[in-house]
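Visitor: Sequence:
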Amino acid sequence: MIQVLIAIPIFILVTIIQTAIISNMPLLQGTADIIMLVIIAWALQEPVRTAWYWSLIGGTILGFTSALPLGITIVSYLIITGITLIIRRRIWKIPALVMLAITFIGTLFHQGLSAITLTLLGTTLPILETLELIIMPSILLNILLAIPVFAIVRDLAAWLHPEEVEI
Numbered sequence: 001m002i003q004v005l006i007a008i009p010i011f012i013l014v015t016i017i018q019t020a021i022i023s024n025m026p027l028l029q030g031t032a033d034i035i036m037l038v039i040i041a042w043a044l045q046e047p048v049r050t051a052w053y054w055s056l057i058g059g060t061i062l063g064f065t066s067a068l069p070l071g072i073t074i075v076s077y078l079i080i081t082g083i084t085l086i087i088r089r090r091i092w093k094i095p096a097l098v099m100l101a102i103t104f105i106g107t108l109f110h111q112g113l114s115a116i117t118l119t120l121l122g123t124t125l126p127i128l129e130t131l132e133l134i135i136m137p138s139i140l141l142n143i144l145l146a147i148p149v150f151a152i153v154r155d156l157a158a159w160l161h162p163e164e165v166e167i
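Take the sequence shown: its letter number 48 is residue 48 in this note's numbering, and every next letter is one higher.
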């Protein structure tokens, strides 16, 4: 239960960092999604059983600060968590590599779903420009930040599950 409760201040802090710092350092029009990276890294930790809760909390908190409808971020992060947990069960030997792969897939999925949603809401988004200026730069930024975020979250999981983690 403590792992679920600690997620709230962690995601509030990460959201502040993402909205105040990370979003002000775009590559073209793409930005990194630290919240998604934390959710993926948390779901990849072996002793963790609260990945769904973290995904729901992170998606909800980001949903309140995002221009997207609340449900889009929640559904997107829940699907990314599901993919992460499935892959964790099947390919667990190299978690850092899995982190990079899920980061690529998750960013592509989340940004694509966001673009489709904004298009349905009436925003004109040319597909090729959206891919070149937003999605691909976001993938690059997320991949660059994936391993440092993974290391920090691994240490957090070791701190919260000291008896279950072997170093």
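These are calculated hints, taken from the structure and not from any lab test. Quantities reported herein were computed from a predicted structural model and do not represent experimental measurements. Hints should not be assumed to be uniformly reliable.
[Stated by the list, open to error] The following label-pair restraints were derived from C-beta to C-beta distances:
#, residue 1, residue 2, range
1, L160, I86, 36 to 42 Å
2, A151, G82, 21 to 27 Å
3, P69, L97, 17 to 23 Å
4, T119, R89, 32 to 38 Å
5, I127, P69, 31 to 37 Å
6, I91, P126, 22 to 28 Å
7, L27, P162, 21 to 27 Å
The beta carbon of each residue, even a glycine, is placed where N, CA and C say it ideally should be.
Visitor: Of all the hints given earlier, name the ones this structure violates by number, lowest first.
Guide: Violated hints (numbers, rising): 1, 3, 5, 6 and 7; every other hint is consistent with the structure.
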